[in-house]
Amino acid sequence: MAPSHTASVDLVETPVLERVLRQALRRGGDFAEVFVEDRSSSSIFLDDRKVEELSSGRDRGAGIRVIVGETTGFAHTADLSEAGLLSAAEAAAAVAREGGGGVREVALSRQHPDHHQTATLPNSVPKSDKVDLLLRADDASRSAGSAVVQVSAGYGDSRRRILVANSDGLLAGDDRVRTRFFVTCVASGDGGMQTGSESLAYTLGFDMFDDHPVEEAAEKAAQRAVSKLKARPAPSGVLPVVLKRGSGGFLFHEACGHGLEADHILKDSSVYTGRVGQLVASPGVTLVDDGTLGPNWGTLVIDDEGRPAQRNVLIENGVLTDYMWDYLRARKEGRVSSGNGRRQSYEDLPMVRMTNTYLLAGEDDPDEIVAQTPNGIYVAQLGGGQVNTATGDFVFGMTEAYLIEGGRITEPLRNANLIGNGPDVLSKIDAIANDFEMAPGTCGKDGQSVAVGCGQPTMRVTGITIGGTASA
Amino acid sequence: MPDLLGLARRVLEEAKGDEEVEVYVAHGRETSIRVFEGEIEELTAAESAGVGVRVISAGRQGFSYVGTLEATAATEALVQARDNATFASIDEHAGLASPDGVEPPALDLWREELVSFLTDEKVALALELERRVRSGDPRIRQVVSSDYVDGYGETAIATSRGIEVSSRQTGCYLFVHAVAGDGDDTQTGFGYSVGRAPGDLDLEAAATDAVDRATRLLGAKKARSAKLTAVLDRRVTATLLGILSGTLSGEEVVKGRSLFAGRTGEKVGVDELTLVDDPTNPLAYGASQHDAEGLACRRNSLISNGELKGFLYNTYAARLAGTASTGSAVRGGFRTTPGVGAQALSLEPGKQDQAEIIAQVGEGFLVQSITGVHSGVNRVSGDFSVGAEGLMIRGGELAEPVREVTIASTIQRMLQHVVAVGSDIEWLPGAATGVTLAIDDIALSGS
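Line by line, the protein sequences give chains A and B.
Taking my numbering as reference, the numbering of the first sequence is continuous, increasing by one, and the terminal residue is 472.
Taking my numbering as reference, the numbering of the second sequence is continuous, increasing by one, and the terminal residue is 447.
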């Protein structure tokens, strides 16, 4: 598939989009939108010393939505011809039952300059270079220790060109290139087997590996697996927890980020409903969602509703300042979107989603925080987690953790979950360090997955329940 | 419906003599309705279709897909897959499935009734479900969403090894998410019902389930940490079986990534534990005539009276392990290559229902739901630690509600500590069946 040099806003001709929007509003309707996507992706998987699979694919299509009062109609098609788009518009408009909306003309105008991708495009990189990355990672993991018995690694890239046109006259396009890499090692010892993983993911092209060598990630994953061979079971009970900078950000993504999404707020299914202006966290806590933050995994130029990404302060010095908004929820409240309308693909409706969510650094020294913790847990890497936004209860997996004894990091611990309540944990943060790191992740909501970044400085929570099996 | 097998054959004609080619074609339609406060919130009409092509040439495998049924694009996918293959490692075990003479089960998974069901009737079901939940208990404070979703799909597979199969099926479900409140306390509960046609759906059961699950947790508190017997509710057991199935994948076993590697024939669980994967059972929602490589589905015994009998294999894993495919190739649609997976796991039921098991256990914890399964269970080491909520069991009866605790053990230990398997089988969506399961020596972490 040859790279296309046309701008994303030209994926479908503007007069065709105008006719499709007119068709979508033919039966009456307050708002109509066409979202067009052309996505190419490739992935390579190495396992057991073999490059098992090279895979590539292409998806092109459009999703059309029509909003009538409180109701949204949605249809999508892989047929980007005018006939295909008109037929999807007709299906989406079926929710406007009253009929007789009359003719409403839509004149589109470009709202923002189209984003021209400057990254090295994935299809201009030889496949053999991508394969080579994985072989290098395999070597690096295996030479990190003889206990490493199995290595798997994956590479993936995507180029996603999108176009958004709506009945307010908006016409915007984006060209997104993302690249990711992961490695998982299995180490074997007397006490059984343990695993360790590491991933790299940026909104960048292949050149990201110049700054982020796969060997480093591969060694890190191997060390994690090997060190856990000597790990003892995690304790059971409530203990102080020091979260190392980086992946601990996912805890705040889950524990409060989701509860600050306006769709949950408007349905009164969040613990944060009606709490703007109130103290919801320790005074040192400032939480930000920022779709413009560097080349991080959740970075966007525009969101999937054509709105420029922006920096939104959600909690400032412990006080709840605002929620995150997409077009639909902002419209209900008579305000503008905060650039958080995202969707997995043209086959999905947009909803309120996070981008890069992080806690700002404080002033404490990270080593001092550990030194001043007589007994507790040091979490160096968090895995996935889950939250119930209505109650704030969350769980999280610790994939690299250690005991803190007498102010020192001591023995490694086997994997276990920690469990807590979002508002409760936010109020129990008593130390925030002056370091900071972002980590990539995939966020799932209502069946849709999107790329997000999370970050945080090293910090301490005075008590979280650790779900291990040993007496605390 | 488009002629999927015809398209697959057409792409296959482009195969060269020295390569193996598999063409997988899928087409489906879905309608999804969400209501909120008596009105339609979202109505989605979706059609998706695509072609995935696998090429194996000189021991190297490549794959490519396109999200359309256009013949020229499908042929382009073959060209891309062929190019991708040239960069893969030579793998003597790479290969497509060969017809093995096993007859597919006679299953009819298609209900014309669903295809002709009117949109207004679908909306009416979702609205009625919302109404019943709202009026089900004065403490129901919100019905976040009430959904009716249905769909039908067809797949076809044609390969250069002579496999030519197609199959089609229908399915639908109701799903409701309720929030209960009492003073400052808030709890949530989900209810659902699944079927092959709208007539199979039990709206009342879905509504009652959501109301009960949300309200019975009101007032829940953290419990004290303790070692105890956990009684897993049916859906929790289904989740646990889903985890277990990953450890029974022949590919993970042969690659040394399963806690069961090298343990065939060993006693891994108590006598009462018998586990099969049986997609030939028409009651299972995972029932299917063919697996994702076009081989006939079959009944596979995994654990019999506590003894580990075998593992699940697709063609590649079987060749790696020096055995035959068990018809257990699964794929997540046309965009992926076949992996190995369970399709319809179930435990052989015992003799007691849930109430009898609770009475027998006497003191323990009824686990209503678990969270953090992906992060909290390690299929290699067997470590198990998940978030849980439910009700304490005291004197053989349900007592106070509990939240924000974890339960932990290892998979190995849990299988050896099963104290009762329920008689209350529930056929659920996904690859596993629900049944009440009691396990002792579980560490509950709370305050």
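Hints in this document: simulated from the structure, not taken from any laboratory.
Bear in mind the structure is a predicted one, so any value in this text is a computation, not a measurement.
Mixed in with the good hints, there may be bad ones.
Far from chain B, by Cβ distances over 12 Å, these chain A residues were calculated [stated by the list, open to error]:
#1 P15
#2 E53
#3 L135
#4 Q150
#5 E333
#6 A361
#7 E363
#8 G383
#9 D393
#10 D424
#11 T465
DSS-like, lysine-lysine: derived pairs with alpha carbons at most 27 Å apart [what the hints assert, rightly or not]:
#12 K222(B) / K267(B)
#13 K445(A) / K309(B)
#14 K220(A) / K122(B)
#15 K230(A) / K122(B)
#16 K122(B) / K428(A)
In this text, a Cβ means the ideal position worked out from N, Cα and C, and glycines have one as well.
request  = Hints the structure violates: just list their numbers, smallest first.
outcome  = 2, 3, 4, 8, 9, 10, 11, 12, 13, 14, 15 and 16
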